[in-house]
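Let the sequences and hints guide you as you build the complete structure.
Protein sequence lines correspond, in order, to chains A and B. In terms of my numbering, the first sequence opens at residue 247 and continues consecutively. In terms of my numbering, the second sequence opens at residue 102 and continues consecutively.
Hints were generated in silico from the structure; no laboratory data involved. Be a bit skeptical, because a hint or two may be false.
Some but not every residue of chain A turned toward chain B, in silico, with C-beta under 8 Å [what the hints assert, rightly or not]: (1) 248; (2) 353; (3) 354; (4) 357; (5) 358; (6) 473.
Keep in mind that this is a model prediction, so the values were computed, not measured. Ideal placement from N, C-alpha and C gives every residue a C-beta, glycine not left out.
Given next are the chains, with one letter for each unit.
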Amino acid sequence: MATLEIHDLHVSVEAENGPREILKGVDLTIKQGETHAVMGPNGSGKSTLAYSLAGHPKYTITGGTVTLDGEDVLEMSVDERARAGVFLAMQYPVEVPGVSVSNFLRTSATAVRGEAPKLRTWVKEVKSAMEQLQMDPAFAERNVNEGFSGGEKKRHEILQLELLKPKIAILDETDSGLDVDALRIVSEGVNRVRETGEVGTLLITHYTRILRYIKPDFVHVFANGRIVESGGAELADQLENEGYDKYVKGGASA
Amino acid sequence: MAEAQNIPAGSTTAGSIAVAAESTVATRMSAPPSFDVADFPVPHGREEEWRFTPLERLRGLHDGTAVASGEGVKVEVEAPEGVTVETVGRDDERLGKAGTPVDRVAAQAYSSFEKASVVTVAKEAVLTEPIRIAVHGQGGVAFGHQVIELGAFAEAVVVIDHTGDAVLAANVDYVLGDGAKLTVVSVQDWDEKAVHVAQHNALVGRDASFKSVVVTFGGDVVRIHPRVQYAAPGGEAELFGLYFTDAGQHQEHRLLVDHNTPHCKSNVAYKGALQGQDAHAVWIGDVLIQAAAEGTDTYELNRNLVLTDGARVDSVPNLEIETGEIAGAGHASATGRFDDEQLFYLMARGIPEAEARRLVVRGFFAELVQQIGLPDVQERLLAKIEAELEASV
Numbered sequence: 247m248a249t250l251e252i253h254d255l256h257v258s259v260e261a262e263n264g265p266r267e268i269l270k271g272v273d274l275t276i277k278q279g280e281t282h283a284v285m286g287p288n289g290s291g292k293s294t295l296a297y298s299l300a301g302h303p304k305y306t307i308t309g310g311t312v313t314l315d316g317e318d319v320l321e322m323s324v325d326e327r328a329r330a331g332v333f334l335a336m337q338y339p340v341e342v343p344g345v346s347v348s349n350f351l352r353t354s355a356t357a358v359r360g361e362a363p364k365l366r367t368w369v370k371e372v373k374s375a376m377e378q379l380q381m382d383p384a385f386a387e388r389n390v391n392e393g394f395s396g397g398e399k400k401r402h403e404i405l406q407l408e409l410l411k412p413k414i415a416i417l418d419e420t421d422s423g424l425d426v427d428a429l430r431i432v433s434e435g436v437n438r439v440r441e442t443g444e445v446g447t448l449l450i451t452h453y454t455r456i457l458r459y460i461k462p463d464f465v466h467v468f469a470n471g472r473i474v475e476s477g478g479a480e481l482a483d484q485l486e487n488e489g490y491d492k493y494v495k496g497g498a499s500a
Numbered sequence: 102m103a104e105a106q107n108i109p110a111g112s113t114t115a116g117s118i119a120v121a122a123e124s125t126v127a128t129r130m131s132a133p134p135s136f137d138v139a140d141f142p143v144p145h146g147r148e149e150e151w152r153f154t155p156l157e158r159l160r161g162l163h164d165g166t167a168v169a170s171g172e173g174v175k176v177e178v179e180a181p182e183g184v185t186v187e188t189v190g191r192d193d194e195r196l197g198k199a200g201t202p203v204d205r206v207a208a209q210a211y212s213s214f215e216k217a218s219v220v221t222v223a224k225e226a227v228l229t230e231p232i233r234i235a236v237h238g239q240g241g242v243a244f245g246h247q248v249i250e251l252g253a254f255a256e257a258v259v260v261i262d263h264t265g266d267a268v269l270a271a272n273v274d275y276v277l278g279d280g281a282k283l284t285v286v287s288v289q290d291w292d293e294k295a296v297h298v299a300q301h302n303a304l305v306g307r308d309a310s311f312k313s314v315v316v317t318f319g320g321d322v323v324r325i326h327p328r329v330q331y332a333a334p335g336g337e338a339e340l341f342g343l344y345f346t347d348a349g350q351h352q353e354h355r356l357l358v359d360h361n362t363p364h365c366k367s368n369v370a371y372k373g374a375l376q377g378q379d380a381h382a383v384w385i386g387d388v389l390i391q392a393a394a395e396g397t398d399t400y401e402l403n404r405n406l407v408l409t410d411g412a413r414v415d416s417v418p419n420l421e422i423e424t425g426e427i428a429g430a431g432h433a434s435a436t437g438r439f440d441d442e443q444l445f446y447l448m449a450r451g452i453p454e455a456e457a458r459r460l461v462v463r464g465f466f467a468e469l470v471q472q473i474g475l476p477d478v479q480e481r482l483l484a485k486i487e488a489e490l491e492a493s494v
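Listed below in structure tokens is the structure:
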């Protein structure tokens, strides 16, 4: 069973006056089939956790370990992590002019699966995944994220999640900027992948809204660069009622 | 009139934005056109037509110090039946009909060549095979003149290949009879030290179609100046270009479409990729719609893809319209970077770095390459683009 283990992770970014530590010792273990929600106020370091796990060059790991089934993830390049089964659905997906969605998806699936998918089954696979996400077929011929609305970008991220079938899916504020309909469609996509039982999900969010659609097994409160409290789904209800105030005030060391 | 405004061109990697100069297409040259080099002062580099060009790297083509040397370039013409290939002297009356040199180097070429090559396709001849012209540099200085003339309703494809090492200044005339169809592919695949400055003059006959494909990969300095005029109404010109500018290279494409006649069309599309320190691409797109040219339909586009730091693009579209009675006119220019975030996004989907670059560059050029319409040329271009990318990794 695939397991992502994050142990005492410290991460810095270059700031104007030298390196600034953002993650200050994160411990988290995600197993296949589990869904962990990481919730926290703005600026707490949630997105840094997501991008650090995916290997974004902006972030420097200064301490700790991340392993996927015992393999050192931090030693891997960005593409190696993806091929090992780590997927990051981004909050702000990047435009890639000149590259069509269909070409991108096929190139990506070929890289992750280790062989080119058979054309006939591939076309069907993409078509049905797009239908389920209520995406227009014409979408496939547009350039990656170019001129996409916020909702289209997020659907496109979840489309990739469905096609690439990672072991660990990190969803970075996938709910932000979505109206209720789009949120429901996107959440259903995530749930289809979760129902396979083959993915461990790390759901990063500011709001409890998405948790009405995607039920987490564990909820973690993130503040000031680390997890300050963990619990079950009931912790989300508490956050819904009380907000993050108690974690933000007084240095946030629970 | 909205169409006549200058849309700001794409930004360079240095962050500056090049926009068209205030001077007009007609008056911005520092001297009127002439076949005589003596009519042009030696440029100092601040003239509108020279301000982007590194004069010190022209090896004397601009100041009269470059002198033709024995082994300049070797020109071989391979032509199918129905084509006449001649080598003629300076006084042949078919030379210089399509246009007059507009700058000092073009005039130098016209004043200095000894023999010209004239390729004629007879009236109504429709070639099934391309005419292939190989221009191979032998390491010397050369001045050239080439004429390609199609009789009425003739159809031909010409592929001109520039390879080897040379310092070459040349004028090329394309004369299209009424209803003729000419596609010319000029490939600049020079060795890395070559210097090539050329003016291409097309004179498009009534209802004739001219398609020019300019492909620049090699050389130290390449400056190509394709120009189109219409001899009569109904003509069409498509000017396509593709360049891949590497570290230290200067590749400059300056275009002029002179809509001097009613009811003609033009479509310009140039795309370039740049990589490496001091790679410099310049694109000047001038379209002039004269008062008489009612019913003109024109569009021009330049796109640049900057793959690494240290490269620079100057892109200057300039559309000048002297009549309101046109069918359409527009232009667009943009320079984009293949940046670290795009690379991260593609790699985060399992795509290795080199493949990510290939994907982006191939995608960038694909649409333009398809418009060339010559499968063997298209394949060669794609292979060449791949090779350029391989060399960069």
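Verification of the hints:
1. Hint status for residue 248 of chain A: violated, given a least beta-carbon distance of 16 Å to chain B, over 8 Å.
2. Satisfaction of the interface hint for residue 353 of chain A is found here, the shortest Cβ-Cβ separation to chain B being roughly 6 Å, below the 8 Å cut-off.
3. The beta carbon of residue 354 of chain A is positioned within 8 Å of a beta carbon in chain B (closest approach about 4 Å), and the interface hint is therefore held.
4. The closest approach between the C-beta of residue 357 of chain A and any C-beta of chain B is roughly 4 Å, which is under the 8 Å cut-off, so the hint is satisfied.
5. Annotation: residue 358 of chain A was flagged as interfacial toward chain B, and the flag holds, the nearest CB pair being 4 Å apart, inside 8 Å.
6. Because the closest C-beta pair between residue 473 of chain A and chain B is about 24 Å apart, greater than 8 Å, the hint is violated.
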